[in-house]
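Start from chain A and add chain B according to the hints.
Protein chains: 2
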Amino acid sequence: MPIYNAPLADMKFILNDVFQAEQFWQNNENLAHLDAATAEAILEEMAKFTQNVTLPLNRTGDEEGAQYNNGSVTTPAGFKEAFKQYAEGGWIGLGADEEWGGQGMPKMLTVLSDEMIFATNPSFMLYPLLSVGAGMALSSYASQEQKETYLPKIYSGEWSGTMCLTEPHAGTDLGIIKTKAERNEDGSYNITGTKIFITGGDHDLAENIIHLVLAKTPDAPAGSRGISLFIVPKFLVNADGSLGERNPVGPGSIEHKMGIKASATCVMNFDGAKGYLVGKENEGLAAMFVMMNYERLSMGIQGLGASEFAYQNAAQYATDRLQGRSASGVQSPNKPADSILVHGDVRRMLLNVRANNEASRAFAVYVGQQLDITKFSTDADAVKKANDRVALLTPIAKAYLTDTAFQATLDAQMCFGGHGYIREWGMEQCLRDLRIAQIYEGTNGVQSQDLIGRKTIKCQGAYIAEYISEIRDFANQLDADLNFIKDATLDAATEVESVTQYILNAASENAEFPNAAAVDYLHAVGLLSFAYMFARITQAAQAKQGEFYQNKLALGLYFVQRILPELEMRITRIKAGSDVIMKFSEDYFTHQA
Amino acid sequence: MPIYNAPLADMKFILNDVFQAEQFWQNNENLAHLDAATAEAILEEMAKFTQNVTLPLNRTGDEEGAQYNNGSVTTPAGFKEAFKQYAEGGWIGLGADEEWGGQGMPKMLTVLSDEMIFATNPSFMLYPLLSVGAGMALSSYASQEQKETYLPKIYSGEWSGTMCLTEPHAGTDLGIIKTKAERNEDGSYNITGTKIFITGGDHDLAENIIHLVLAKTPDAPAGSRGISLFIVPKFLVNADGSLGERNPVGPGSIEHKMGIKASATCVMNFDGAKGYLVGKENEGLAAMFVMMNYERLSMGIQGLGASEFAYQNAAQYATDRLQGRSASGVQSPNKPADSILVHGDVRRMLLNVRANNEASRAFAVYVGQQLDITKFSTDADAVKKANDRVALLTPIAKAYLTDTAFQATLDAQMCFGGHGYIREWGMEQCLRDLRIAQIYEGTNGVQSQDLIGRKTIKCQGAYIAEYISEIRDFANQLDADLNFIKDATLDAATEVESVTQYILNAASENAEFPNAAAVDYLHAVGLLSFAYMFARITQAAQAKQGEFYQNKLALGLYFVQRILPELEMRITRIKAGSDVIMKFSEDYFTHQA
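Line by line, the protein sequences give chains A and B. Residue 564 in UniProt numbering sits at position 564 of the first sequence, with consecutive numbering throughout. Residue 51 in UniProt numbering sits at position 51 of the second sequence, with consecutive numbering throughout.
Chain A with its partners taken away, still in its complex shape (with noise of 0.2 Å):
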């Protein structure tokens, strides 16, 4: 029953208009072989297989699940035949490297047709975005055996990865895991330990399963300085390629969750499983965080994908749903009531969700466009540059955005009253689909402990004067037109440069400060990276003519007056300090009296 139309004409805005995507692709030679149309066209196809095979599979795979069966998973119906139809059109490989079978596309496209699958079936997508992630870390670290052992059978679909770190008492504190990798003579290791919280540990979508594992050898330094990474294939590979026998690695179960049933979500033990080492002992952690700037800015996009699904639903509804009469006098008097959309919070809502999306949408395309520079860049200067933008930005691109779509997709709920809490409408899937992206991938809170203490603190607020400077740039540059987003972005700007020095200065003299601020200031930078996109957003629409460019300013309008406001409240919060939070005795918080 819910609906989901591609969002095309807004993804190809902020492609060609907004991000002139085709002249910075042309102008880079490792990705000139792709010009405006041939984007289109991926993208359009892209929606055709989501509107007409991902989503008609949503609803069915949260209400039958994955299932746990004596020691394997099986994968609600129709997955099988949709993941083997997505292998087919070479959309596993899409951003991957064409030497082992990927499309080499830039991952300012990718992440517009990551965000219909997300939209349409986040726990199918999760299945593939695993894959992507392995294969990530293989092409940096592996050897070039490994590579192309692994890499063409994973990006073809015919076998599929994992990333194994989470441990039942280690989640965030990696350094503490106990997993077990003890050398062979023949240079391989016996894996052994529990890991738990392994999305698509077991399934029957493919024929083998590549575990990234992390485990800790024997004479290894504790912390996370003795942390190395391991293939372990579910079964072995023969030297021909061809599959060998059952590793002893496998899933104990699966959990129940709040969503993403569909997506095999394992406790996986590994009893002395055999493991190669990727790269070199000790160095496993870096290797896994290769990956994360991609991965956490793919849980960005399940959040926009969700709040997209949920706008189209609620306008929907709010479009045919008659219910009182409007303030300003009957609007449908053929009609037993008006549409609920002639009332002003309902719009509030929807405006609420539809600005997140579109801001959320150009986020992601220009932190994927930062990837691509660091990625196909051959300037060096311009890759250092990038490369510390994403450091700064993936943070937000990860936990504001899913933070912001999450509040969307209660505001979309909200739009359908009672009908938002039942199933078969799809609205209360879509939420709790979409929670598990504060949640995993190192929860928002962690990921503010990131901004602000790696990302800003231990750099001296450099990254961000530098995401200041250019922000200041784009602003100054705007017609006098503009002027309502153009003064509302140079206040932000300054608020946030304000408040930063506020939080060097207080971090140096209080070690708990930052810990205290930093999901305030998470939500300073994001509210600052939204005026950012509004302002891009509403200098490309400023050039042309018609209905779809002047609402666009409407929106940035909205915006600002209705949005932004919060930046303020989180500017005061963090001034607030810490003090006030780490006075209570840890007794406290479990002890009424």
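I should point out that these hints are in silico values taken from the structure, not numbers from a laboratory. Heads up, a few of these hints could be off.
Put simply, identical chains are the same to the list, so a pair is met inside one copy or across any two.
What the hints assert, rightly or not - Cross-link-like lysine to any residue pairs, in silico, SDA-like; alpha carbons within 25 Å at most:
| # | residue 1 | residue 2 |
| --- | --- | --- |
| 1 | Lys544 | Gln592 |
| 2 | Lys147 | Gly90 |
| 3 | Lys335 | Asp173 |
| 4 | Lys335 | Arg225 |
| 5 | Lys178 | Gln20 |
| 6 | Lys384 | Gly193 |
| 7 | Lys147 | Glu182 |
| 8 | Lys280 | Gln146 |
| 9 | Lys544 | Asp579 |
| 10 | Lys280 | Asn28 |
| 11 | Lys583 | Asp320 |
| 12 | Lys280 | Trp100 |
| 13 | Lys280 | Glu185 |
| 14 | Lys575 | Glu509 |
| 15 | Lys385 | Gly546 |
| 16 | Lys458 | Thr217 |
For chain B alone, kept in the frame of chain A given last:
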């Protein structure tokens, strides 16, 4: 696995120290039968019941759900026995008139006992809650004979009650309902139509179900002025009170919902069922609204209960979970990691929840006290004033308490990291179950319209002016030691006063203004109300010695510094006006281009 320890210490503090309940009761001849010791004994009994009976059924109830088969509904295992025990304990009629078998307890006490059931098993609570609601409407509007026939059996739990309002096309806008009531010669009516979202429309907990049904007689005026209220029993009642033949009314199906799965939400078909008019024809909506103030406060209590449950579990998890190290250096050198309570961001989430809970609890008791004045006081002026206060604060009690509680359950879930997303921990159920409280009994958007329209603009701000006057009087007499809350409360009062005048002016010129401002205004008044509650809490705590009371002061400071800053944002949004919302065409919302 989830825990619950009834927050009796805080409840007693609020009753005894903040509101001097015993003195209030003893000064009222209709409540003088109650003293503090009796009240505390009642709360202690309910604490046992909820910890031993309803809590263990919460998760199993969610997993099993209410089941519909062959035209009737069965509740999950254990519910029948629990309901019997609840009824035999006299809990259904705890707040009902003694004349009809109730215990005559004041609302300021029953809000606290209700909180415990909502905390441990919201699905269960809805069954007796609907009985109480039906009983309340009958107490006010039914004939003596009707009261004698139905009330004692409802309060004893032999029978239960429902409220049948919503139809597929008509929820908020009851004026357009289609259910027909045709007069029979014997004075009864034949009721025909379909009602949806009927909580407890069918179940196996009681031998009869008394439906209170809104319907229209053939010659009724159009709109909400033509609605009548009818008693439609599942089984007709013989003259001697025994059960007669089955009335042609029954469930067509039950909804599959996001949460409160153990509560049967029924589609009810009335096929010429025999109904008995309550009160007069065309005055049904007024009869229905008589219990709305009570029911809507109950939804706020549902929020508080869920938030308290969430808090306790999250605080315990955070205490037990070892991950990472304190920013100030290792706190537990003998453990592999520190408790996550060392992290300011985790504390921030827990303190948000706890501050919300303590303010909500005080506010519920405050509104309960106002309701008690309307019911039990013999002073006409006091009753008038309390009626105005209840009218003003009911939308706050319903919407602000559930909005803040839902955010609290999200914060609590986040403290669990990935485990918060897993069903067995109970946190995801808590928020799924709570979400409906923001939607039913009038969505929180509709509550906001009620506040800004009927309760503020209609009386030209008289109700809020009286409330602010009370708040100012209270704040002004606080000691200098409490300047932090005194100043914050007085400032908030001035801000709300000023923005109310702004709204009155704007509304007189622009009919669309109030609807667009409503939700932000409700949150502004909510924040002021919580500041007022913390003023009362901290004053009571200041008079005492010991850590329990010191922590109340510290939590009040946390509220002022970290939560109250939201007020400024709400006011800025209100002043942004409605033009930025209303200028989009209706087509815009469903069209991308």
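We went through each hint and held it up to the structure:
In the homo-oligomer, the alpha carbons of lysine 544 and glutamine 592 lie at most 25 Å apart only across protomers (16 Å), although the nearest pairing inside one protomer, at 61 Å, exceeds that limit. For the identical chains of this complex, lysine 147 and glycine 90 are intra-copy neighbours only, at 18 Å inside a copy versus 71 Å across copies, given an alpha-carbon limit of 25 Å. For the identical chains of this complex, lysine 335 and aspartate 173 are inter-copy neighbours only, at 13 Å across copies versus 60 Å inside a copy, given an alpha-carbon limit of 25 Å. Taking CA atoms no more than 25 Å apart as the test, lysine 335 paired with arginine 225 passes between copies only; the shortest distance there is 19 Å, against 69 Å inside one copy.
In this assembly of identical chains, the alpha carbons of lysine 178 and glutamine 20 never lie at most 25 Å apart, being 49 Å within a copy and 56 Å across copies at closest. In the homo-oligomer, the alpha carbons of lysine 384 and glycine 193 never lie at most 25 Å apart, since the shortest distance is 39 Å inside one protomer and 69 Å across protomers. Taking the shortest Cα distances, lysine 147 and glutamate 182 sit within 25 Å of each other inside one copy (23 Å), while across copies they are farther apart (79 Å). In this assembly of identical chains, lysine 280 and glutamine 146 lie within 25 Å of each other by CA distance solely inside one copy; the values are 14 Å within and 83 Å between copies.
For a Cα distance limit of 25 Å, the shortest separation of lysine 544 from aspartate 579 across copies, 23 Å, qualifies, whereas the shortest one inside one copy, 52 Å, does not. When the C-alpha separation of lysine 280 and asparagine 28 is checked against a cutoff of 25 Å, the pair qualifies neither within a copy, at 33 Å, nor between copies, at 80 Å. Taking CA atoms no more than 25 Å apart as the test, lysine 583 paired with aspartate 320 passes between copies only; the shortest distance there is 20 Å, against 53 Å inside one copy. For the homomeric pair lysine 280 and tryptophan 100, the shortest alpha-carbon distance inside one copy (22 Å) is at most 25 Å, but the shortest distance between copies (79 Å) is not.
Taking the shortest alpha-carbon separations for lysine 280 and glutamate 185, only the intra-copy value of 17 Å comes in at or below 25 Å, while the best inter-copy value is 92 Å. When the C-alpha separation of lysine 575 and glutamate 509 is checked against a cutoff of 25 Å, the pair qualifies only within one copy, where the shortest distance is 14 Å, while the shortest distance between copies is 39 Å. Taking CA atoms no more than 25 Å apart as the test, lysine 385 paired with glycine 546 passes in neither setting, with 37 Å inside one copy and 56 Å between copies. In this homomeric assembly, lysine 458 and threonine 217 never come within 25 Å of each other (Cα to Cα): the closest approach is 30 Å inside a single copy and 74 Å across copies.
Hint compliance for this structure: hints 5, 6, 10, 15, 16 are broken, all remaining hints hold.
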